[in-house]
Every structure is written in structure tokens, then in C-alpha cells.
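Trainee: Sequence:
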Amino acid sequence: MIMQAEDARFIKRRVRSGTIDVHPVETALIVNYEVEAVILGEHGQELLSEKKDCKKIIRLKRLDANTDCSALAKDVCDRCTLIHKSKEAEVEHLIYYLRSRKENAFAESMESPRPYSGCESPSPGGLTAAEKAVASFAQLEDYLELLYEDLPDKVRGSALILELAQDSNNLNELAKRESVLSALSRVLREDWKKSIELSTNIVHTFFCFSIYITFHPIIRRYKVGSLILEIVKFELERYTKLKSELEALSKSGGETVTGIPISRLPLPRSRSRPQTSASTARPGRNTTPSPSPAPPLDKKRISNIPPPRTIVRPLTTGGNMATPQLQPTPPSTLNAKTPESDDDSAITARKLFTLSKKQDQLLKVSFDFLLNMANEISVQDKIRRKKVVRLLVQTLDRTTPELLVVVLTFLQKLSIFRENKDEMASLNVIDKLPKLLQMKEPSIELVTLNLLFNLSFDTKQREKMVRVGFIPKLVSLLGNENYREIVLKLLYHLSMDDRVKAMFTYTDCIPKVMRYVLEWDSDHREYLLPISLCINLALHQRCAEIMVGAKGECLQELMVRAFHSSNEFLLKIARNISKHPSTKHFFVDFIGDLAAALTCCQNTDWFSSQKYFLYECIGILGNLTLPDINYCQLLNEYNLIPWIKSNLVAGKAKADIVLLVVIFVGTAAGDEACSSLFCKADILLSLVELLKANQEDDEMVLQIIRVFYRIARHPSTREYLIKETDVPAYLTDLMHDKNEYIRKVCDACLEIIKESSEEWAERIKIEKFEWHNSHWLSIVNAAEGIENKAMETSDFNDAMPRYNLFQQSLLFQGDSQVSLNTGDDIEILSNNAQSDDGSRPVSRYESETEDIIESNNNKMRKKEMKPGERTKEMVRDALRNLVISEDSNDDPQFFHMDSVID
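Here full-length UniProt numbering is used: position 92 in the sequence shown is 92, and no number is missing along the way.
FYI, nobody ran anything at the bench for these hints, they're computed from the structure. Please note that the accuracy of each hint is not assured.
Straight-line Cα separation of at most 30 Å, DSS-like style, residue types lysine-lysine; simulated pairs [unchecked claim]: (1) K744 x K723; (2) K768 x K692; (3) K382 x K413; (4) K233 x K223; (5) K421 x K464; (6) K243 x K351; (7) K754 x K680; (8) K87 x K176; (9) K611 x K645; (10) K435 x K251; (11) K382 x K351; (12) K61 x K12; (13) K387 x K241.
With the hints as constraints, model all of the structure from the sequences given.
Mentor: Structure (C-alpha cells):
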């Protein structure tokens, strides 16, 4: 239906407020709203309506570092009717962002730029209405034509295209037009050295596309990634070169120009030249005043006059630091001998500051682009081969927070691969990170901690973190809830090294972490982190003493909390604490509770759910080697003998609990009455069977023979161990084990057995002799075999007495010319003219018939013996001729095992 003019009676206007955003170029807020015009009929019915999207720009002209964002946000909401009071917090956040935002790279390019000359351009006086207007997609072809003009037009055109690309709704249309990205990539490849502003605008445009993975194939088609890496490398080298020039000038006398580090020199965007008279400009001329009016100043001549030397002095207002202002430098602070050097240093400092400011914007968008493109592993590997890690580490010397956040995030992403981590280590990245934590920037601190955590998986990097002093800094950040989780993870990694554990005692880390352990519930998100750290630190004696407390109050609370919640992790801390001699006595009060927990394992349901809690209870009891504890009474009171015997059956119980039970038996066996109880219950026989089944497990074998050693120390149980069990035989077999600790325990136990049994003393002596002379015995057996074979193949009456190595070396050592104790080769010289080969020695015996017959008879008897019997007979003959020194001290010397086992 077509509305007639006479039908319209009223027009109603509706306004709906929308989102609030910041202006991309200016220091202003953009308020989006919708206007709806409704035409009403005579009776108020809607005849026609039309909607239109509008924007309102609120410019904040006096926004600076001293502005109160909260008050300004309230003022904006009061004056603008489009902003509701409920959005005051959002407006305050946007104003705070505008205040802290660096000047946009393309804001300066909206003026008519000139080629970069190393100095900062003066701030623009104003922009035309067309330049201030928001870029329109309908004029995209005009913007593309600007890219084919001179450099100022290219900068302006790239800035307008960038403004279109910042709206995500335009990206699809821009991507469909190949001419846009093709022209941008061409201009960047040809003119990137001519203007930093142009490079920043184009790279920023590609960055807008790189945010979305959909456009990554399109971007890779134009191959701008390698070009951007080349740009970054060039800019960093240019900055390093200019900085070196400034340092050279400072060493020559220019360091007194400013009095502060050049890298933090806050120079203004522009400075006006002081107006000087002709007489001061040219002091060599006659300075007599002339009545005639002064001629107009020559601007070209004045521009060549060097500016006065100045220093930056901060002005304080109400305790706050105001905007730095330029003030004349007192003559006393200037180097009067080298004024030219001072001027050059000041000019170079301004160039360096301006260059750094523009480069930081370019580097930020460049690394942002590369970070987005490195989403795929293949692309990331290509970027890595282009030495991007070296460029990132080199950029860590900058001070711009936004740039540092991007660089650290990129390094964090790359550090998960070993090749990148090793390259970072070679570039000493750890040495560059402490100063970043001192900047007090929350965003920088968090990403720095994440990077440190990735690097802390490397042992060498952890050592370097400790050397540069990260532990006190990390402990100081524990109070910040935003960093607590990552800091606890880092401290846990650092505490894995035993040499580093002692450093925690010089900080307040242990009291803080113990407070978290005792106060946090199991539902807490970070509950296991402080417990894990305490488990590591409890292995160090001094740390364990701090955890216990002065009078054991912290340990009391820890044990009560562990038993109340049946928490095996808390009991694991207590178990590590119980390993140290200075903290064991604090557990005497908990002996009954720990023993009672062992009897609960008879309930199958309880054991399946609380088996790890039971393991820790057994482990604590095994560590308590204290003379004050009556283990015999403890075993009888809680009826633990049947439980111990049932858990020492090979294959029935799990290996970990069997080992803990064996350790507990060894600890209890230190009590003589308890050792007798074990012998009566045939627990030694169970241990022998367990030893047979676990011969490959060094830890199990060591703990079992530790039990044998402790039982052998008691006179009442020593006879049972020797006569009723096969323990001495197994110990004799193990005394030459490859494990050093097993050999020590076996030797100590066998020394006790030798004092009580002459039979075993003789057997042990023979076994040691055979072991130490095994090589010699093998040679003797081989010689006997050759001799027997020769006797079988030759005539008995024609047999000659052969050279007996055993008789020559052992029985006649006084006159023998051959020594087996030296490592020299043996050369036998013969004086017998009847010898065929001249190598057989002259016999020491007279050639009488009975001696030859007796010698042959002895050889025949040895031939009839078995090889084992023949070897034992030779060993006995050798031992009869040896003088073995005996210990004059009749008292048995026992070997203390706590230092080896515990």
C-alpha cells in the first residue's frame, strides 16, 4: 500500500545506543548508535519506518599521563546522552587504553610526509576534512592509485587501506581483489627502505589478514614473510650501528650532554629553533648597532646555526612526575673543550630516540604477523631457519612494553622445540630476562615467567637461572595470585637439583609454601603445586628442619591433617622429613597411629582405596631407626608379625610394598628382642626365598642382606642365622657383587660370622683366595689339562718331568728366578746343552729314579681327580704355605650400616 501525504500525521524518532570503541588514529572515542524514523498515522499506527547506523566521535583533547580516567569517564557519560550510566566502567577502560596507547604509526603519515632523514618530523599542524574522514570502501580504487604515485601519496594510500583492513567485515572483499594485496606486496618490496611509515602501514595490513587462518594461504602466495624478516634484520642492524656511533661520541666527551642514559632520553616531537640576532649569529662581524632597521632574517642561514645544548629536567608537581621539559644546561656541566662533540652527541641521541620509537611500531606488527603465520609447524620451521630466534633475542634489549610482550610470546611458542631452545641458550637469553621482571609490567612479567617455565625443563638452563638470582625474585612473586601458579611450577623445577635446595633456606619460601599446604583444601586449583615443592625440599635436612618448626608444631599440624583426610601426599612430605637424623625424634608421638594404619590393610576395600597412604606409613616406620622405640612391644601390641609374614611372599604382594616391608623389618631388627621374634616366626626363611626370587633387583637384595646384618649383630640370633638358614652361603656368593654397597654389607656380615664359626671362616677364606687368584687358577688348570693330554699320548717310561708352574712359583719362592707378582714378560734362559729348543729350564731336583717315579705318581693321582677337587687341593696346599695375619683384637668389630642404607 502506497502511503498518501495526507495520511501522515506524526514523525517519531528512536535512538538506540550501540557499542563504544576507540578511534584508530585520533585520541577519541567512537559511539555507535542506530536512528530509526517512524511515520505515524492519525490514530498512532506506524505507516513507514527507516533505520540508519550512525557514529559519534568524542575527542579527548587534553588526555595525558596525569589525567584521571575515572573522572573523565564520568564527565563523558554525563555530557553524552548516547552513553548510559551503566557503561561508565567500560568508558573508563577505553580512556585508560587511549592514555597508554603509543602513537599510531599511520597517524603521522596522514600529513604530507617526506622521505625519512633520520630525524623526527614535526607534528602535523592539521589535516584536511577528507583526511580526517573515515576511509570508505567505495574509494578503494582511488587508494590503490595513490600507491603508484610519489612516496607521500604511497604513505597516505597505505594508511587508508590499513584503516579499511582494520574492520574485519572488509577483509573478505579485500582478499577477493587480488590487485590490493598484489599492489601492497609490490610497494613493500620496492620501497621499504625509503620510509618506515610506509613499511609499518603495509605490514600492519598483512597482519590484519594473518589474524584469521582462512587468509594464510592467500598471504603465503605473495611471499611477504621472508621480506618482513629481511626488514626486521635491517632495522635492528641500523639501530645497532647508530647506537655504536652514539657510544663512541659519548666516550670522546659527549656523555655530559644529558647526564642520563641515552636510551631513556625523552625528547619532544619537535623543538623550535631559538631566534638569534645577526650579531650573535655571526660574531666575527662588526657589532656596532645601526640606526637603520634590521634586514629580514635569512632562514637558510639560521637553520645552519647549532641549537643550544640542553638537558632534560623533570618537573615535579604535587609529588608526581610531570612532563619533561627542556632547560638550559649550566656552563659548569658542559665540556668546554669539545663543543662540537657535544652537538654531535645530542643530534645523534635525537636520531636514535626517533628511530627507536618508529622501529618499535614496525617491529611489533612484524613479529605479530610472523607469530600468527607460525601457527603451522612447517611455516614455523621455515621461519626458524631464517634465524628468527636470533632477531627475537636481540629485540629483548628494547624497552617498549607492547613490543616486548609480542617478542616474549613468540619466544615462548618457539621454546617448546629443542632446536629453538638450544639456540636461545647459545644466545644467553636467560641473562636478558631479569631486567624484564624489574619493569613492573604485569603483562611482561607473566609472559616472561611462562618463557622461563618452558626453558626450565633443561638442566643447564635451570642452573643458569639460579646463577643469575631468579630464586629470590620468584619467591617475592608468590604473594601475587596472578603469578602464583606459574611461580610454584618454576620453583618446583629449580628444587629438583640437590645443590639448589639449600638456597631456599635463605628466603621465606618454605614458610609461605607450608602455609599453603596447611590451609588450602583439596578442592583448590593449585593444591598439588605447593605439596610437590615441599616433597622436594623435605629431602634437604635444613629445609626439613624449617618445615618441622622450632618445637615440631608444623609437623604436628601436618600429621593431624594427613590422618584426618587420609592424604598420601601430605604423608609423603612427612616421610621425606623422617629421613634426617635431626628430625626423626619428632615422629615418636605418631608411632602408634602409623602402626594402627598397617592393620587396616586387612580390609580389602580400604587397602584398594588407601594403599598409597599405607605405603607412606610403612616408609616412615622404616626410617625411624631410633633406640628409644620398643619395636618388640609395638609388633606384639598391634599384631604385626602375621601381616609382615604375609607381605614377604614373592609374587603375592606388589614389589613396592614388599620393599618397604623389608626396610621396616631391617629397622625393627635393630632391637634384639624383635630379632628373636623374627627368628621364631621364620621370617628369615621368607627373606631367603625372597632373595632367590629377586636376584636382579639391587635395592631389594641390599635391604634383605641389611636385615641379615642386623640380626647377625645380636648373639642370641647369630647362631640361628648360621646353623638354621642358608644365609652365610648366599652372603658368600654376594660378597663379590658388582654393587659397591652390597659388597660392603656382605663383608661386614661375613666378618661377624667368621668370629662365631671356624668352619665358615675357613670356607670364606678359601672363597676369597679363589676370587683373588682366579686368573692364576685358570692358568694352572689349563696347564694341567695340557700335561695330562701329553701323558696320554706319550710313553710313560720316556716321559720327562715337565715344568710345574704351581711348584715353581709358590713352593720355592726363595730360589725361583720367575716372579708372578710383576707384570713383566717372563723369559727363561736354559743352561742345558742337551736341550733341543733351549727353552726348558734346568731341573732343581737330582735325576734319581725314585724322585721321578714319585713325581709321576703324583701326576697320575691328580689326573684321576676331578677338576674341582684338583683346584681345591691346590688351594689347600697353597694356604698351608701362606702366613695369614690374624687380628689381635678379640672383640668383634661391627660395621655400622645406617650411613650406607639409610
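Trainee: A separate judgement is required for each hint: does it hold in the structure or not?
Mentor: Evaluation of the provided hints:
| no. | hint | in the structure |
| --- | --- | --- |
| 1 | K744 x K723 | holds (23 Å) |
| 2 | K768 x K692 | holds (22 Å) |
| 3 | K382 x K413 | holds (15 Å) |
| 4 | K233 x K223 | holds (17 Å) |
| 5 | K421 x K464 | holds (14 Å) |
| 6 | K243 x K351 | holds (10 Å) |
| 7 | K754 x K680 | holds (24 Å) |
| 8 | K87 x K176 | violated (38 Å) |
| 9 | K611 x K645 | holds (18 Å) |
| 10 | K435 x K251 | holds (25 Å) |
| 11 | K382 x K351 | violated (34 Å) |
| 12 | K61 x K12 | violated (35 Å) |
| 13 | K387 x K241 | holds (20 Å) |
Figure legend: structure checked against the earlier numbered hints; hints not met, in rising order: 8, 11, 12.
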